[in-house]
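Chemist: Start from the sequences and build out the full structure, keeping to the hints where you can.
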Amino acid sequence: MQFIQTARELKQHTLTVVKKCPKRLQFFLLGPIYEEAREVLHSVKAANNTYVHNAHEAQIRADYMGRANVALQNLADDLEDLYEELLQGEKARYKWVPHAMQKHGELISAEAKLIGKVRKGDRERYKGLS
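This note's numbering puts the sequence shown at residues 2 to 131.
Just so you know, the hints here were simulated from the structure itself, not pulled from any lab data.
From a predicted model like this one, the values you see are computed outputs, not experimental measurements.
There could be a bad hint or two in this list.
With a Cα cut of at most 27 Å, we get these calculated DSS-like pairs of lysine-lysine [claimed, not checked]:
#1 Lys21 x Lys104
#2 Lys121 x Lys46
#3 Lys92 x Lys128
#4 Lys20 x Lys46
#5 Lys104 x Lys114
#6 Lys128 x Lys21
#7 Lys12 x Lys118
#8 Lys12 x Lys128
#9 Lys12 x Lys114
#10 Lys20 x Lys104
#11 Lys118 x Lys128
#12 Lys96 x Lys46
#13 Lys92 x Lys114
#14 Lys104 x Lys128
#15 Lys96 x Lys121
#16 Lys118 x Lys24
#17 Lys92 x Lys46
Distance ranges between label pairs, derived from CB positions [as the list claims (entries may be wrong)]:
#18 Gly129 x Lys104: 21 to 27 Å
#19 Lys21 x Lys118: 31 to 37 Å
#20 His54 x Phe28: 19 to 25 Å
#21 Gln3 x Gly67: 51 to 57 Å
#22 Gly122 x Arg9: 19 to 25 Å
#23 Ala93 x Arg124: 47 to 53 Å
#24 Glu107 x Asp82: 18 to 24 Å
#25 Thr51 x Lys114: 17 to 23 Å
#26 Lys104 x Ala47: 22 to 28 Å
#27 Arg9 x Gln74: 16 to 22 Å
#28 Gln74 x Arg25: 22 to 28 Å
#29 Lys20 x Gly122: 20 to 26 Å
#30 Gly32 x Glu91: 19 to 25 Å
Just so you know, even glycine gets a beta-carbon here, dropped at the ideal spot from N, CA and C.
Modeler: Here you go:
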């Protein structure tokens with residue numbers, strides 16, 4: 002269940018970052034960024050709560066994991082835009098950004114690897130279902 006814990010840490014770190022950012026970015030970047038982090042967590046939890054007894058349920062679980070992966074990639078893109086925007090302005094005001102960028106990168110990378118492992122394990126585990 003490490004993939005759920007990492008997704009939860011990612012959401013929490015994202016919330017911490019979003020709260021530190023200027024409110025002028027709320028509608029363009031901050032809201033969507035937080036929603037993507039939430040979508041990662043909600044999708045991996047939904048996948049984990051899908052009990053597989055047949056091929057259809059296996060596909061539902063795979064779809065949730067795929068949705069989590071897409072949200073994770075979208076989150077990475079939007080975070081890149083956010084950090085570029087913050088670093089264009091007053092760098093002295095946003096001294097926390099390099100550390101936040103590093104932590105986000107580590108969490109996104111870890112979550113992507115965990116999702117990949119779960120998806121690979123699921124393909125093996127459920128390949129004989131009908």
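Chemist: All hints, please: hold or fail.
Modeler: Hint check:
| no. | hint | verdict |
| --- | --- | --- |
| 1 | Lys21 x Lys104 | holds (15 Å) |
| 2 | Lys121 x Lys46 | holds (17 Å) |
| 3 | Lys92 x Lys128 | violated (52 Å) |
| 4 | Lys20 x Lys46 | holds (24 Å) |
| 5 | Lys104 x Lys114 | holds (15 Å) |
| 6 | Lys128 x Lys21 | violated (46 Å) |
| 7 | Lys12 x Lys118 | holds (20 Å) |
| 8 | Lys12 x Lys128 | violated (32 Å) |
| 9 | Lys12 x Lys114 | holds (17 Å) |
| 10 | Lys20 x Lys104 | holds (16 Å) |
| 11 | Lys118 x Lys128 | holds (15 Å) |
| 12 | Lys96 x Lys46 | violated (34 Å) |
| 13 | Lys92 x Lys114 | violated (32 Å) |
| 14 | Lys104 x Lys128 | violated (36 Å) |
| 15 | Lys96 x Lys121 | violated (39 Å) |
| 16 | Lys118 x Lys24 | violated (37 Å) |
| 17 | Lys92 x Lys46 | violated (37 Å) |
| 18 | Gly129 x Lys104: 21 to 27 Å | violated (40 Å) |
| 19 | Lys21 x Lys118: 31 to 37 Å | holds (32 Å) |
| 20 | His54 x Phe28: 19 to 25 Å | violated (43 Å) |
| 21 | Gln3 x Gly67: 51 to 57 Å | violated (19 Å) |
| 22 | Gly122 x Arg9: 19 to 25 Å | holds (20 Å) |
| 23 | Ala93 x Arg124: 47 to 53 Å | holds (49 Å) |
| 24 | Glu107 x Asp82: 18 to 24 Å | holds (19 Å) |
| 25 | Thr51 x Lys114: 17 to 23 Å | holds (21 Å) |
| 26 | Lys104 x Ala47: 22 to 28 Å | holds (25 Å) |
| 27 | Arg9 x Gln74: 16 to 22 Å | holds (19 Å) |
| 28 | Gln74 x Arg25: 22 to 28 Å | holds (26 Å) |
| 29 | Lys20 x Gly122: 20 to 26 Å | violated (36 Å) |
| 30 | Gly32 x Glu91: 19 to 25 Å | holds (23 Å) |
When held up to the earlier numbered hints, the structure conflicts with 3, 6, 8, 12, 13, 14, 15, 16, 17, 18, 20, 21, 29 and fits the remainder.
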